[in-house]
Each structure stands twice: as structure tokens, then as C-alpha cells.
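K.L.:
Protein chains in written order, with the UniProt record's numbering: chain R, 1 to 234; chain Y, 1 to 419.
These are computed hints drawn from the structure, not numbers from a lab. Note that beta-carbon positions come from the ideal geometry of N, C-alpha and C, so glycine has one too. Among these hints, one or two may not hold up.
[Unchecked claim] To be clear about the criterion: a stretch of chain Y counts as covered by chain R if any three or more of its residues have a C-beta under 8 Å from a C-beta of chain R, and this derived list gives those stretches: (1) 172-180; (2) 361-374; (3) 380-388.
[Unchecked claim] Derived CB-CB ranges, DEER-like: (4) Y:Lys221 <-> R:Gly177: 40 to 46 Å; (5) R:Arg50 <-> Y:Lys66: 50 to 56 Å; (6) R:Leu232 <-> Y:Gly87: 25 to 31 Å; (7) Y:Ser160 <-> R:Asp180: 27 to 33 Å; (8) R:Arg105 <-> Y:Val106: 57 to 63 Å; (9) R:Asp180 <-> Y:Arg283: 34 to 40 Å; (10) R:Gly46 <-> Y:Gly387: 45 to 51 Å; (11) Y:Pro352 <-> R:Asp180: 29 to 35 Å.
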Amino acid sequence: MRLFGIIFVIAAVAISSAAVADDFGDPAAGEQVYRQCKSCHQVGDGAKHRIGPHLNGIFGRQAASHDGFRYSKALSRAGTSGLEWHADTLDAFLENPKAIASGTRMSFPGLKKPKDRLDLIAYLRAFSDNPANIPEADPTASPTDHDIDPAILALKGDPEYGEYLSSECTTCHQTSGGDDGIPSIVLWPEEDFVLAMHAYKNKKRSHPVMQMMAGRLNAEEIAALAAYFAGLEE
Amino acid sequence: MTLNRRQFIGTSAAMATVLSAPMVKAQGKPRVVVVGGGAGGATAARYLAKDSKGGIDVTLVEPTRKYYTCFFSNLYLGGFKEIEDIGHTYGGLAAGGVNVVHDWAVGVDRAAKTVSLAGGVSVPYDKLILSPGIDFVDGAVDGWGLSAQNAMPHAYKAGSQSELLKAQLQAMPEGGVFAMVAPPNPYRCPPGPYERVSMVAHFLKQNNPTAKIIVADPKPKFSKMSLFQEGWANHYEGMVDWIGEDFGGGNVSVDPAAMTVTIDGEETKVDVCNVIPAMKAGRIAELAGVTDGNWAPVNAADMSTKADADVYVLGDAASQGDMPKSGYSANSQAKVCANAVRGALTGSKVFPAKFANTCWSLIASNDGVKVGATYEATPEKIAKVDGFISQTGESADLRKATYEESEGWYTGITTDMLG
Ligand SMILES: Cc1cc2nc3c(=O)[nH]c(=O)nc-3n(C[C@H](O)[C@H](O)[C@H](O)COP(=O)(O)OP(=O)(O)OC[C@H]3O[C@@H](n4cnc5c(N)ncnc54)[C@H](O)[C@@H]3O)c2cc1C
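All chains, please: the whole structure from these sequences, using the hints.
P.N.:
The structure is reproduced here in C-alpha cells:
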């Protein structure tokens, strides 16, 4: 029964994140939310890169694509493998940056309230080139809640099963932690691992090999892998 | 007498003294013999030794002291790798508790459950895993035989054949002709011949830009065809002439003495001729009596042969269903097999079979593409579940990232195989 519930939740998440926006945020309220971003990001006339890149023209832009900014490897990889900033991807990223790019240097826990994200996205939308109100322009809204069901996060994985499953990972990912060309996956906090794998499974993360590998793992298998990798000694 | 690593790692002369008894005596632990230390065999041996924590006596029989990976051997031809970059020794396996025996397996007695080695000894097993790779079908290309492999190399087993082909490529006269005879399905590494064409073209473009490449192919189409053709047009315009089945590419004969290739009745004098003949399972599979036709049929759940539940076949030699014959596939199958064999011998938990494959190919500097799929075991075969392939017209950044990924994969898989 529990398993059934989990599967249902996953299906629901996948569907809602693909849904088209029909609700618009409030840019004025978004400006208030934006205060949390200000210590690192600038937006508007004369905005420059600071601790984080400036946010002008972010809609439609490939992630990690400003020449003059040094991004984390994780976000650069997400960008080259297809992550573009639109309302839906921004929404997922703002909810929990690490679920989308685990090694991102954006050390921000995320905006948990869908309304805050919606408003913030509406505010940022005003600093992108195309007016928000023409139909073919990027929609501003995507009021969904992508959070993984706490029941999934609470699953305790079987490390022995995880060890067996991990042999699929180690064809490419090195257990030594080496990360040339392919990122390291050892010693991650279990929750980050689970979030990342579900983000691939739900196709919120963009790498095709990982979408395929995660796509056929169920929630218990992902938990098993997380338990195994978290316990690996270097 | 036990099969001790120290004794076996020595020369075959030393081995002969150690093993003066014709038969190695059985002892308490269950014994697994693995024949072939390549992508499938090395992985299986390593996982069995590692996961059984010494509970299984694992012997690996492999004649060569250094395994040259076929994967990335095309990159060596293209000048992206040195030969030593793709050579790997067995020290890591030995350190991991595998008895590595450098010898040929020359026969299998399935009734007595022993493998006989060229050195004269026979090694008993409870479970036997064969991963011998491929051999070539006799008479597959008119005019070519193994005795012609120095004049017209196949370079489809890496090492000295790769070096020979590279030397011939370097010695080509200005504006010369490089011919390839491509193999019919099924064969090891479906994109392999076409990645090779790309790497040869890359080398020639830099060193001999007026040279030409002709490919005679018995197939009407091939793996990642649109990606390769797009790449050849972008990077090597006018250099590659691919003659498929429709244009008589399957009607080929060669004359290694005269260095000519005749395609559909038209004879051409060539400077280098890379003949990649039709393939079959490595001969030991046939000698063990587990083949049916050219390949060894296996059960998808554990890679055991249809012929004998105690004999398993991995990698290229197996006929298993939908997986392509690749190093990635062999490595994936080996892990499923090791889990099942360990379960059968020690009672450890056996988890359901999951298989995967991804093949990266390099078309030019920083222009990498990939194709991959996941698979599951059904009662009939290993069946494809889901897959993806790179697209034409992808950005240069993505292609570069894909190439970098393949470098990461190479380090990952060779470590996963050999420790
Ligand atoms: C040009 C080229 C490029 C390739 N590129 C890729 C790639 O990019 N990615 C990929 O995944 N795959 C690639 N492959 C395919 C890959 O190399 C093979 O599919 C893989 O090596 C198969 O593994 P195996 O264990 O079946 O055989 P092998 O790796 O060939 O190992 C067989 C071993 O068995 C030994 N052996 C044979 N007979 C005996 C005997 N009687 N006794 C003892 N030992 C024996 C041999 O010495 C050998 O070491 C490529 C192949 C080629 C030719």
C-alpha cells in the first residue's frame, strides 16, 4: 500500500511539472521576495555579476552561460546538457537549487512556498527581453509544488541492495571520487542523493543517460543506493 | 595444492613446476574459473572476489599480460591516445584476491568440470564463466584469411594489430587510398568501424589531406549513421566514400599480395586495407560445446548458457537478445552474472538483473556522440526497456561535454574491470 502511494505521488509530480501555467505571480510581491537574493545577485539597469551572476535576461538563457562568470562545474554541466531558464525550470531550481544542480555554489536552501516562487519569477520576468504579456513569450507562472513526498525521503534504503545496484553506477562514476568528465557521487548526504535521482527520474534534470538510469529505479531502489553511497569510505 | 596468486602470477615455466600435478586438487571453498580477462571476464572475476570477501576461489585464465582495450583504440589511430594509454595490467585483480593465470584455455570437460590449459594443467570448477570475446568467421571476406592479417590488418582485437594499422596509416603516400571492409551484423561494437573511419579521416586531414577513404559495407545502414554522416560532411568533406549494400558494398574480394580491393566488380589499388570480417564467439566457447551457430545462447536472468547451467558466457561471445556487443554491455552482464553465481555458490542474496549500455564515439576533436539503452531480463532474452541517442545539429558545447564524459567513462570502466 505504501509503495502504491509513492508511485502515485511520483506520477503526480511528473505531470504537474509539465503543466502549462495558468496563474500569474505578482511582481510587486516578487520584489519583496527578491530581497533574499540581493546579497548575491543584481538585476536591472547596470546590473553586474557579484557573488552570483546578474539576472537580466535570464528567461530563455542556457544555465551557466554568462562568459564573465565562473560557475560551479555542476551548473555548467546542467547547462551544456540542456538546462534553460524558463518559468518551470526556475521554479524547480528556486524551490531547491541542489535538487537541480547538486554542486551549485548557490548556497540557498530554496523558497518552499509556491506563491513566493511565482511572485519572484514574475518580478524577474520584467528584466528579460520579451514582454511577458505576448503569448509566444515565456510564461511567467508555473505554480507547482515539486517537493518530493516526505514519505519518499523517509524511506530507509537497504545498503546491500544498494551495493548491488551501485555496480551500474560504477561503470562510469569512480568510487575514488575522481570527477573528470563525469561527476563524483560518493559521500553525498542521502537526502541530496535522493532529490537528485528523483529530479532525473521526473526529467527535471536534463542529462539523458541519467534520466534513463534513474527512470527505471523505484523509490526504494533510489533509497538503497543513497544508503550505500552515503556509507562508502573514501 | 591451491591456486595461489603468487605462484600463478609468475612465468609459465614457474607455473609448470608449481603445477606438476596434472590436476589441481579440490579444497573447501567453491571454485569459479573465468576464461578471458577482458571487459566481461575481468569484471566478473573482480566482483566475485570482492563481494565474496574470499569466500570463493576465483581463477582468471588470460594469456596476455597486458590487456589493450578495443575501446579508445580508434582514438589511438586518430592521435588522441598513445598505445600505452589503452594498455592495462592485471596487478589490481591479483591484489584483489583473484588468482591470475597467464595461459590459454584450450578445452573444457563439462562432465568432469575442468578447464585444460595450454601449459598442460587442468583446473577444476564449480562454475565456469567464459568471456573470450570474438574470433573471425573463416572465409568471410573473399581472399582474406588470418595469414593475411599483417598485410591487411583487422585491428579488431587491440594491441599489436592496432599498432600495425597505425604504422600503415602513417606510411601512406600522399593522396593515397585507405580502404575498409566493414563487417555484417552482428559484430563487436556497432559504431566501431565508423568511429574508426572518423579517426582515420582526422589523422589524414592533418597529415595527408588529399588522401581518400573508401568503405565497402555489406549493410544498408549502420549505428549512429546520420550522426556520422553529418560529422563526415562537416569535418572531412569529400574524403569519405561509403559504399553500402545498395551499391554492392557487400560484394567484395581482396588480394593481400597485390593490395587490391574489388567492390562489385570494380578493382581498386589501395595503400592500406583494414579488413573487419564477420565475427563469431571466441573459439573456446565452441570447444566447450555451448555455442549454437556462431554464438553462445544464454539465459537473460544470469547469463548461464542454454547448454549447461554451470557454464556462463558473457560479452561479445553471448547471444542474449537486444544488447549490442560492447565493453559497457560485457561489464554490465558480468555484474549480473557475478551476483547470481555468488548467490548460487554461497547462498548470498540474488537481486534482479538490470542491464545498461552506453557507447560514446568520437567524430573529430571535441565532437563526441553517444547512444545508450537500459535492458531487463525476460524469459526469452535480454530485452530493451528505454534508450536515447545524440541528435544531429547539437551545439559544440554539448558535443565537447559528451566527449569529456567518454573520458570519464573510460577511467570508470577500466577501474571497475581491473581494480
Ligand atoms: C575499434 C573498437 C572500438 C570499440 N569501442 C568501444 C566503446 O567505445 N565502448 C564500448 O563499450 N565497447 C567498445 N568496443 C567493444 C568492446 O571492446 C568489446 O565489446 C568488449 O571488449 C567485449 O568484452 P569481452 O569480455 O566479450 O571480450 P574482450 O574484452 O575481447 O576479452 C576477451 C579476452 O579473452 C581472452 N581469451 C580469448 N580466448 C581465450 C582462451 N581460449 N583462453 C584464455 N583467454 C582467452 C582474450 O585474450 C581477451 O583478453 C570497441 C571495439 C572495437 C574493436
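K.L.:
Are there hints from earlier that the structure breaks, and if so, what are their numbers?
P.N.:
Per hint list: single violation, 1.
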